[in-house]
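*Asks:* With these hints in hand, go ahead and build the complete structure from the sequences.
Chains L and R, in that order, give the protein sequences.
Remember, our numbering sits 561 above the position in the first sequence when you count from 1.
Remember, our numbering sits 561 above the position in the second sequence when you count from 1.
Watch out, some of these pointers could steer you wrong.
Same chains, same names: a pair is fine if it fits in one copy or spans any two.
[Claimed, not checked] Computed list of lysine-lysine pairs in BS3-like fashion (alpha-carbon distance at most 30 Å, straight line):
| # | residue 1 | residue 2 |
| --- | --- | --- |
| 1 | 788 | 723 |
| 2 | 569 | 941 |
| 3 | 947 | 990 |
| 4 | 847 | 569 |
| 5 | 772 | 928 |
| 6 | 715 | 739 |
| 7 | 947 | 772 |
| 8 | 569 | 990 |
| 9 | 928 | 715 |
| 10 | 990 | 739 |
Derived by calculation from the structure, the hints in this document are not laboratory data.
Number of protein chains: 2
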Amino acid sequence: MTPEEFRKSGHELIDWIADYRQRISELPVRAQVAPGEVRNALPSEPPESAESFASVMADLESIVVPGITQVQHPMHYGWFPSNASLSSVLGDIASSGMGTLGISWESCPALTEVEQVVCDWLRQLTGLSENWHGTIHDTASTACVTAMILAREKASDLSKNKGGLTALNAPLIVYSTKQAHSSIAKAVQLAGFGNDNLRYIEEDPYTRAMKPEALAAAISEDRAAGKIPAGIVCSVGATGTTAMDPVDAIADIANAEDVWFHVDAAMAGSAMLLPECRHLWEGVEKADSMSWNPHKWMGTILDTALFYVRDVEHLERVMSTSPSYLRSTADGEVVQYRDWGIPLGRRFRALKLWFHLRLDGPDTIRKRIRRDLDNAQWFKQQIESKEGWEVLAPVDLQTVCILHTPLGSDGVSLEGEALDQHTLAWVDKINSSGEAFMSPSILDGRWMVRVSVGVEGTERAHLERLIGLLENATSD
Amino acid sequence: MTPEEFRKSGHELIDWIADYRQRISELPVRAQVAPGEVRNALPSEPPESAESFASVMADLESIVVPGITQVQHPMHYGWFPSNASLSSVLGDIASSGMGTLGISWESCPALTEVEQVVCDWLRQLTGLSENWHGTIHDTASTACVTAMILAREKASDLSKNKGGLTALNAPLIVYSTKQAHSSIAKAVQLAGFGNDNLRYIEEDPYTRAMKPEALAAAISEDRAAGKIPAGIVCSVGATGTTAMDPVDAIADIANAEDVWFHVDAAMAGSAMLLPECRHLWEGVEKADSMSWNPHKWMGTILDTALFYVRDVEHLERVMSTSPSYLRSTADGEVVQYRDWGIPLGRRFRALKLWFHLRLDGPDTIRKRIRRDLDNAQWFKQQIESKEGWEVLAPVDLQTVCILHTPLGSDGVSLEGEALDQHTLAWVDKINSSGEAFMSPSILDGRWMVRVSVGVEGTERAHLERLIGLLENATSD
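*Replies:* Okay, here's the thing in structure tokens:
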């Protein structure tokens, strides 16, 4: 395709995207397609020759769009917000258009250095000290695998340079809670620790925060048994209920025990743009690594996960290889981000953040996050004031975990399996309708519903509408 | 940013990109900036409020563009081609614009199903059987880590579900050659095998292909020593000289020994669009996993790496976790790509491939790849016919490894360190000039220069110009 053909189609595409974003609230929130429906609508065999841009766009509209769950829809309350601010989309388009290659500083000096700059801007914007050095990963899952490998290599005295993990005589142990994101368990498995060596520490029954004294006891017990404590993962805003582990108390234990301490603030990191929220990760300065996702609440388009470490030397020792074909005259003077993560090649992701922060401005972003915090508190109060409804966990951020408990035909409140069936029935009814979307989730062995506020377009009026939907769906 | 503001800026950006691509051959190939130059030109503190689109674009032009090594430039012969076809850029823009979220089938059914369709299209286009099931990773490095974890878990009988690697009594061994990409050694380290347990097998001294009999002997030796052969990595188009390991013979050994067999065709995969090249990976059907990068020669914009496996059940057993908050009504009926790789969240990357294949057409792509194969052969012959020049390795694809050996002041051909200095001097002279770019690399302990043909815009005339530059740079 020539630049002139691109120019023509590109203009059409920009208009299509602008129109799409304008009509998003008219689309069903959850895709209404059945499994296989999109696939079956597409040819099972590849094309042989070029097709027109018009025909591709027609298929995008008629086949792809109905297969999208609209996470930019103001009535989307599922999972966590996955905002894709249009200012960040512009940065992403610039990145794609230039077609750069990041495999070394030399292959695109600007890619490396703009990434250094924006990671440092976000360090400052979240109130972190200069001791932190950041890079962009695709997701917090990948950042977490990296953190677990750093933990493993610290505890095993760089076993990767020796006989590997099989040469060790004692198991390496990682500590977390059951509230921690599934990526923690996955990282522990992928990094070779083994499932059995992930120890879930007791939580407070209401806040679901890790109990530091239980952590300390577990570490002592493991040491006494000849095991090697290797990593502690603390959640700041865990996925289920946005539980907040007590970072400061855990950091003191980690530091005293000389165990790698990773803070997973994937969701809550965005809130740290607000000084009034930073008490939620008090003690973070004592951690070894930390990650959070601007591609969630802050709204830089996916995939933009930040990974910060304090000890860059350990990071590079663990993650680097230096083949001769990547040699350059600038070696030693520059950062080679390939030695800070798993992939060798990287896109110019920093532009998404650069455009987003400059075109929207941190003040505007902070205002929006404060709006969401207010809306979540308002919604919590509304739910608590309603007969038969309750809020199951603290609302420290923007997620409200709700339960509706009706009376059964015998006049007694539903419980157990019957209550689960009721919960899944009403949430599936709303989700299937396309009018709003929420994620059911299990808490203490029972289904409840997470209402996660924070889509860029979600205003108070949308939450009022959600309350109406909740009342209708549970009124039969 | 509102959709209307996006529309206005988006149109400006499209024009800027089209202009940029039109003037790319006027820009220096290698960025001319010094380390720190881009960084120092940017504010060290973040903005507080919104800036204008014009000011961001002005900085993009004056600060970022000079910091880009132009891998889309027709005189770029470095590393491997990293083509970013404008048709694929359109798909990437569509993906960004829609702002979808891939964490489960339910979060965007179309994202999953279009990915299934395009991975299957490329399976057919490269002549693979229906036994293969594909997904998109960011890079071949990540695909390789995944393959090594699959190998580890097969050989250790799912140690991840038990006490992990430290519970094993014998080391797990991976086999490859020194020609294999650095990501293989990195994957072995990251997956916990340990450096010492990566065994480099002897190569043919000219083709640099793995010797199957040497592999068989190494495996026997290791078994006799109580070690556990776990993985074999075969390179189809290794990075240094595009060496081709004999896939078929190695596959027979891997299958007989029941060892996981991964084929790294990151570069050569694009050539498999041509039936006449498929003899180069004869036997691939017997492999367990295979990856290749459409974001190289084929030209779908980075990051688009394909990862295929035959045994999806093993893949999902090793890579899956199933938290309740990702539960959906479609579970069991659909593919969950989060269980096929490391990250949970994914972009709608399949659109890049969908747009690229449909807008350019496989016939056009094949024609361009055949042009590059012809150009590389022509260039090889030109070099071989020149006094003082030689081609150091077979040219099976599009990379020509060259060496210039001048006479010293004593009338004797340079060798050793003096030859290395000469080589690095002439290549750095050309690279610094911005007129062309090539990657120096070490082969058999000596520096040589890789001329990697295959940028979308590179025609015969550009190679003629390169020959002139080579003559000039070595004529003193």
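*Asks:* Would you pick out the hints that fail for this structure and give their numbers low to high?
*Replies:* 2, 4, 5, 7, 8 and 9
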